[in-house]
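Engineer: The chain contents come next:
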Amino acid sequence: AQRVTQPEKLLSVFKGAPVELKCNYSYSGSPELFWYVQYSRQRLQLLLRHISRESIKGFTADLNKGETSFHLKKPFAQEEDSAMYYCALSVGSGNTGKLIFGQGTTLQVKP
Amino acid sequence: NAGVTQTPKFQVLKTGQSMTLQCAQDMNHNSMYWYRQDPGMGLRLIYYSASEGTTDKGEVPNGYNVSRLNKREFSLRLESAAPSQTSVYFCAGRGAGANVLTFGAGSRLTVL
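Heads up: the sequence lines are chains A and B, in that order. Every letter in the first sequence is one number past the one before it in my numbering, and letter 57, counting from 1, is 57. Every letter in the second sequence is one number past the one before it in my numbering, and letter 41, counting from 1, is 41.
Treat each hint with caution, since some may be false.
Derived DSSO-like pairs: lysine-lysine, alpha-carbon spacing no greater than 30 Å straight-line [said to hold, decoys possible]:
hint, chain 1, residue 1, chain 2, residue 2
1, B, K71, A, K65
2, B, K9, B, K71
3, A, K22, B, K57
4, A, K9, B, K9
Bear in mind the hints are in silico, worked out from the structure with no lab data behind them.
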């Protein structure tokens with residue numbers, strides 16, 4: 001079955017602390033994974049995708065096929081990182097492809 | 001450039017009433033999607049449309065219908081609303097050759 005699991009509903013850290021938001025997936029094909037973010041009163045938007053291997057706003061995520069994980073990390077959290085974060089898995093291909101999302105993790109960065 | 005536009009932003013219905021959520025995009029997206037967002041459940045796919053004139057069920061299609069009359073518009077209809085359909089609904093579009101979704105601002109629906 002295709003599934004994305006984010007085990008933490010809420011992650012609360014102090015400013016400057018490291019952050020790791022966990023994401024595990026289940027998929028029989030070759031996975032393509034994403035992190036989306038929803039800041040307060042803003043639209044859901046793409047944060048990063050694993051095939052780009054980029055760092056956005058200091059966040060990175062590495063696909064670990066052996067552990068079927070795609071955890072999101074940042075070495076030093078900032079207050080403006082407070083938001084809801086969703087991990088997503090692309091299933092299917094071409095126009096018929098779709099994204100399956102996890103349950104979401106709220107990141108709260110305290111001053 | 002509006003991107004993906006949803007209407008209405010807020011709606012309150014009584015159980016058994018019907019309504020249609022509208023979604024329009026001006027990004028020439030081939031594929032369009034309807035998700036619902038519920039606390040602790042994340043985003044769940046209701047229906048999607050890979051191209052104009054086609055629609056397919058997602059994870060939670062029961063109680064909903066959709067219509068993709070043209071490339072720009074993808075509507076979601078609740079024929080007989082139930083309290084379990086109280087949620088925030090998001091429309092999204094995806095262009096050809098890309099796996100990135102562009103989301104609308106959301107529509108908050110309350111069914112009493």
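Engineer: Hint by hint, say whether it matches the structure.
Structural biologist: Structure-based check of all given hints:
1. Proximity of K71 of chain B to K65 of chain A is assessed by CA-CA distance (about 37 Å); at most 30 Å being required, the pair is judged violated.
2. Proposed proximity of K9 of chain B and K71 of chain B is supported: the alpha carbons are some 22 Å apart, at most 30 Å.
3. With a C-alpha separation of about 28 Å, the suggested pair K22 of chain A and K57 of chain B falls inside the 30 Å cut-off, and the hint holds.
4. Of the supplied pair hints, the one linking K9 of chain A and K9 of chain B holds, its CA atoms being roughly 26 Å apart against a limit of 30 Å.
The structure shown violates just one earlier hint, number 1.
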